[in-house]
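If you count the first sequence from 1, position 125 lands on 125 in UniProt numbering, and the numbers rise without skipping.
Simulated from the structure, these hints should not be mistaken for lab results. Don't take each hint at face value.
As the list claims (entries may be wrong) - Straight line, CA to CA, 30 angstroms or less: simulated BS3-like cross-link-like pairs of lysine-lysine:
no., residue 1, residue 2
1, Lys72, Lys59
2, Lys72, Lys91
3, Lys72, Lys109
To be verified - Label pairs and their computed distance ranges (CB to CB):
no., residue 1, residue 2, range
4, Glu75, Gln128, 15 to 23 angstroms
5, Glu47, Val82, 20 to 28 angstroms
6, Gln128, Ala99, 25 to 33 angstroms
7, Ser124, Ala99, 31 to 39 angstroms
For each residue, glycine too, the CB sits at the ideal point set by N, CA and C.
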Amino acid sequence: MAMRAAATSTAASFVAPRGLRALYSSLTSGFPFNPPQTQTEKPPPAEPSTNLFVSGLSKRTTTEGLRDAFAKFGEVVHAKVVTDRVSGFSKGYGFVRYATLEEAAAGIKGMDGQFLDGWVILQSMRDQDLLLHL
DNA sequence: GCTGAGCGG
Numbered sequence: 001m002a003m004r005a006a007a008t009s010t011a012a013s014f015v016a017p018r019g020l021r022a023l024y025s026s027l028t029s030g031f032p033f034n035p036p037q038t039q040t041e042k043p044p045p046a047e048p049s050t051n052l053f054v055s056g057l058s059k060r061t062t063t064e065g066l067r068d069a070f071a072k073f074g075e076v077v078h079a080k081v082v083t084d085r086v087s088g089f090s091k092g093y094g095f096v097r098y099a100t101l102e103e104a105a106a107g108i109k110g111m112d113g114q115f116l117d118g119w120v121i122l123q124s125m126r127d128q129d130l131l132l133h134l
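Using the sequences plus the hints, can you model the full thing?
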């Protein structure tokens with residue numbers, strides 16, 4: 001009879017029916033549609049980056065040309081004209097990464113709207129908003 | 001490698 005006693009004691013734990021559990025949680029947390037997102041702190045929704053998206057490039061502009069043009073405003077850590085992997089031709093945009101945010105901001109201010117290989121190059125609004133006011 | 005908005009590796 002010791003075995004019977006053990007069996008009954010382990011089976012003693014009981015779970016409430018799903019319907020009751022759902023009702024309980026809706027009573028304790030307000031409603032099934034949990035609204036309470038009490039997050040009053042949201043200072044950096046999008047973090048500024050030293051990496052700039054550069055569009056409007058001439059399809060003849062190369063990674064070197066891009067780096068040269070942007071190097072006047074700071075230390076260019078990484079520059080790349082995006083090319084199609086199969087054809088190898090420029091897609092007309094690229095990326096420039098500076099060492100610091102200050103240089104990145106200077107790079108935007110210095111290069112936005114400037115000509116490079118006959119094309120007016122433009123920075124993304126995202127990057128400008130994030131960098132030009134810091 | 002023309003094309004002309006877009007966010008690669």
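Tell me if the beta carbons of glutamate 47 and valine 82 are separated by a distance inside 20 to 28 angstroms. Distance hint for glutamate 47, valine 82 holds at roughly 22 angstroms.
Straight-line Cα separation of lysine 72 and lysine 109 no greater than 30 angstroms? Between lysine 72 and lysine 109 the Cα gap is close to 12 angstroms, so the pair holds against 30 angstroms.
Distance restraint hint 15 to 23 angstroms, applied to the beta-carbon atoms of glutamate 75 and glutamine 128: Given a distance of about 20 angstroms, which is inside 15 to 23 angstroms, the answer is holds.
Holds or violated: the 31 to 39 angstroms window for the beta-carbon distance between serine 124 and alanine 99? violated, 20 angstroms
Do glutamine 128 and alanine 99 keep their Cβ atoms within the hinted range of 25 to 33 angstroms? Since the Cβ atoms of glutamine 128 and alanine 99 sit about 19 angstroms apart, the hinted range of 25 to 33 angstroms is violated.
Hint check: lysine 72 vs lysine 91, CA-CA at most 30 angstroms. Holds or violated? holds, 24 angstroms
Could you grab the alpha-carbon distance between lysine 72 and lysine 59 and see if it respects the 30 angstroms cut-off? Answer holds: lysine 72 to lysine 59 is near 21 angstroms, not above 30 angstroms.
Of the numbered hints listed earlier, those contradicted by the structure are 6 and 7.
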